[in-house]
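Start from the sequences and build out the full structure, keeping to the hints where you can.
Chains as they are written, first to last, in the numbering used here: chain A, 82 to 207; chain B, 82 to 207.
No lab work stands behind these hints: they were computed from the structure.
Hints should not be assumed to be uniformly reliable.
Same chains, same names: a pair is fine if it fits in one copy or spans any two.
[What the hints assert, rightly or not] With a straight-line Cα cutoff of 20 Å, these simulated EDC-like cross-link-like pairs (lysine to aspartate or glutamate) come out:
id, residue 1, residue 2
1, K104, D141
2, K133, E192
3, K84, D141
4, K129, D141
5, K88, E115
6, K104, E115
7, K88, E183
8, K84, E137
9, K88, E184
10, K88, E192
11, K104, E172
12, K84, E192
13, K106, D141
Protein chains: 2
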Amino acid sequence: MSKPLAKAFNCPTEFALSVLGGKWKTILLAYLSERPCSYAELRRLVPKLSDKVLSERLRDLERSGLIVRHTQRGTSRRRTYQLTPRGRSLEPVLRNLYAWGEEHAAAFRVEVGNPLHKLDGSPCAA
Amino acid sequence: MSKPLAKAFNCPTEFALSVLGGKWKTILLAYLSERPCSYAELRRLVPKLSDKVLSERLRDLERSGLIVRHTQRGTSRRRTYQLTPRGRSLEPVLRNLYAWGEEHAAAFRVEVGNPLHKLDGSPCAA
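This is the structure we're talking about:
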């Protein structure tokens, strides 16, 4: 688990970035801002993360009240994650980051994929 | 110095966050989006960073083409930093992060300061 949030910050940006807490949580929020996703989907979207780290990042996001987890009853006990209203309030930040990345990739001579295209269009497909 | 940027990213958000490269570079950009600042001013704005790390972060931002440094001739050789047009293109992200932090601090029961208020209003005051 990440360290607890400090009680005071030098500026609002420092606080916001501490809640976001690094690259991967922000990326997970960006995917979840598209639509709710199952754990299996998130697993495919961030292949660089280990299961352990992915689970930790998701728990941190739950603790911050940015996402909520639903566990379906049944044999598979599939976990699905979605943004809370507080998580949705980050959508302008997430949209701007995505748009900036798309617009400036060529200037930095890097290739960027769009893994959401690989997913089934239906919400929560696993 | 930070590690070199990868050549390919899984998604535009991952690329954008890699260019931003962590909390402190984003915070420095947020201050510089207000107005150009001298090294001494940035030094006061991010007291948690050591001189070594602050200088490294500024050099990384220069290398990414997000800020430019001007060194004034004379005995003091004062360094002043300002956003480039590419750095300015991040302003919507920076504004949204600041606004989100301001709006949600109370919900997280944290205090956030606004160190820009401490600075002289004139650009580049040191």
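A quick look at each hint next to the structure:
1. With identical chains, the CA atoms of K104 and D141 are at most 20 Å apart both within one copy (13 Å) and between copies (17 Å).
2. Neither within a single protomer nor between protomers do K133 and E192 lie at most 20 Å apart by alpha-carbon distance, with minima of 28 Å and 32 Å respectively.
3. Taking identical chains as interchangeable, the C-alpha atoms of K84 and D141 lie at most 20 Å apart only when both belong to the same chain, with a minimum of 10 Å there against 26 Å between chains.
4. When the C-alpha separation of K129 and D141 is checked against a cutoff of 20 Å, the pair qualifies only within one copy, where the shortest distance is 18 Å, while the shortest distance between copies is 24 Å.
5. When the C-alpha separation of K88 and E115 is checked against a cutoff of 20 Å, the pair qualifies neither within a copy, at 31 Å, nor between copies, at 25 Å.
6. For the homomeric pair K104 and E115, the shortest alpha-carbon distance inside one copy (17 Å) is at most 20 Å, but the shortest distance between copies (24 Å) is not.
7. Taking the closest pair of Cα atoms, K88 and E183 come within 20 Å of each other only across two copies (14 Å); inside a single copy the shortest separation is 35 Å, beyond that limit.
8. With identical chains, the CA atoms of K84 and E137 are at most 20 Å apart within one copy only, with a shortest distance of 12 Å there and 25 Å across copies.
9. For the identical chains of this complex, K88 and E184 are inter-copy neighbours only, at 16 Å across copies versus 36 Å inside a copy, given an alpha-carbon limit of 20 Å.
10. Taking the shortest alpha-carbon separations for K88 and E192, only the inter-copy value of 6 Å comes in at or below 20 Å, while the best intra-copy value is 39 Å.
11. With identical chains, the CA atoms of K104 and E172 are at most 20 Å apart both within one copy (15 Å) and between copies (19 Å).
12. Within a single copy, K84 and E192 get their C-alpha atoms only as close as 33 Å, which misses the 20 Å cut-off; across copies the closest is 18 Å, which meets it.
13. For the identical chains of this complex, K106 and D141 are intra-copy neighbours only, at 8 Å inside a copy versus 23 Å across copies, given an alpha-carbon limit of 20 Å.
Of the hints listed earlier, those the structure fails to meet are numbers 2 and 5, in rising order.
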